[in-house]
Structure formats: C-alpha cells, structure tokens
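The listed protein sequences derive, respectively, from chains A and B.
Residue numbering for the first sequence follows my numbering, beginning at 1 and increasing consecutively.
Residue numbering for the second sequence follows my numbering, beginning at 1 and increasing consecutively.
I should point out that these hints are in silico values taken from the structure, not numbers from a laboratory.
Note that the structure is a prediction, hence the values are computed from the model and not measured.
C-beta atoms are modelled at their ideal positions from N, C-alpha and C, and glycine is treated no differently.
Don't take every hint at face value.
To be verified - Simulated restraints on C-beta separations: (1) Ser26/B - Gly98/A: 15 to 25 Å; (2) Gly16/B - Gln70/A: 48 to 58 Å; (3) Gln3/B - Gly41/A: 18 to 28 Å; (4) Pro39/B - Pro14/A: 25 to 35 Å; (5) Ser84/A - Gln9/B: 12 to 22 Å.
This is what each chain is made of:
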Amino acid sequence: SQTIHQWPATLVQPVGSPLSLECTVEGTSNPNLYWYRQAAGRGLQLLFYSVGIGQISSEVPQNLSASRPQDRQFILSSKKLLLSDSGFYLCAWVGTIGIMNTEAFFGQGTRLTVV
Amino acid sequence: GQQVMQIPQYQHVQEGEDFTTYCNSSTTLSNIQWYKQRPGGHPVFLIQLVKSGEVKKQKRLTFQFGEAKKNSSLHITATQTTDVGTYFCAGQGGGFKTIFGAGTRLFVKA
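Same shape as in the complex, but just chain A (with noise of 0.2 Å):
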C-alpha cells in the first residue's frame, strides 16, 4: 500500500529565511501529488498539484512554489517567507480512475511557524 513520508514535523522559522519540504511517497508509481496549507482552525488551501515530473500546476500565486523533480519526490520551497506563510503543510496523494479523482491520502503534515 502507498506510504507518504513528509518532514519535518513542526518547524519554526524567522521571517526572510528561505523554506525546503519535501514529501516523498512509497507504493506506488506516476501519482498525482498536491500540496494544501491549512491555516489555524481553517480548511485546507490548495497550493499547487502535479501529474507528472516537471509538471506543476500553481492555484494561489503567493510566496510559494513547488517542483517535482522525481516521479515520488513533491518539493515545496520558498525563498524568503512571510508571517502569512505559518500554517499547517500537507501533502497528498489523489488516486484516479481514468480522469476521475478517488480517495487522497495524506502525509502527517508540517506545522511551520514563521516568527
């Protein structure tokens, strides 16, 4: 069965410093891979996703970016963060039939606190 690995569990970072997560997922090959932020007591904010190697798709244009440089590796970086960028990190795997999404599966999450 698929396993996503995700990390650092909490991280604290000051505004400025630049930010690396990586999610790396087990079990399974060509995912779909998401990334979504969850602010304090909030919903869950898509970021970005991707289909495929080198294939990101941006929903909010922010401070944000991410890569996928191997078929099971989803990066999420950013080069100078802001205060507004603290909240609660998840990466996910969607499973498809066809075009249709199934059930995502969701690594445990990086709680980023930016002081």
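Assemble chain B onto chain A, guided by the hints.
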C-alpha cells in the same frame, strides 16, 4: 474558479444528539468525498459518492449526494465523544484538482 462551500463552520452538540454538515458546490461535481480530521492530525478519507442521489451509510454516519450533483450532506446519528473533529467535503475541480470545503468542526459534550 470552482468553490465548495460548507456549513456550519462549528457545531456544538450534547452527546447523543444528531449532527449534520452540508456541502454546496458552485458547479456540478463528478464525485464528492468526505474526510475527518482529528485535532492535531491529518484528514482521513471516509467515503466517496459518485452517482446522482446516492446515499451511503457507515454505522451511524449517513452520506448523501444531491440529485443535481452540486450538494452533499453528512449526518451523524447519536453523536459520541469519539466523533469530535473537523469534517470536510471535497470535490473534483477542473483537471485533477481536489477542492476542499472549509470544514465543519464538531464539538461533543459528554
């Protein structure tokens, strides 16, 4: 772009009372999914509905998909303290986007 609205934002119930959360989409959905997130945890998949008017049950949970495939509901009968958490609906947007509602946070008082 597509939006998925979910109400209420919060719900406080006494243990044993029923609970319902509602989800509405601005566009027709090919399918809808429901997730539960315990405090401090990540969302966990509960169920997926695909057919118009579909109703599915999981023990005390009943899920419905509207006839027009633009709305859905989750009903919990006789809530228990273990039901505490945030319940999200999610629909497929254009392409392979999975768009989540804002969630309904359920508090259960023993």
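Do the hints match the structure? See the list:
Taking 15 to 25 Å as the suggested C-beta distance range, the pair Ser26/B and Gly98/A conforms, at roughly 24 Å. A C-beta distance of roughly 50 Å is found between Gly16/B and Gln70/A, which places it inside the suggested range of 48 to 58 Å. The beta-carbon spacing between Gln3/B and Gly41/A, approximately 19 Å, falls within the hinted interval of 18 to 28 Å. Taken as a hint, the range 25 to 35 Å holds for the pair Pro39/B and Pro14/A, whose Cβ atoms sit roughly 28 Å apart.
Look at Ser84/A against Gln9/B: about 21 Å separates their beta carbons, and that is inside 12 to 22 Å.
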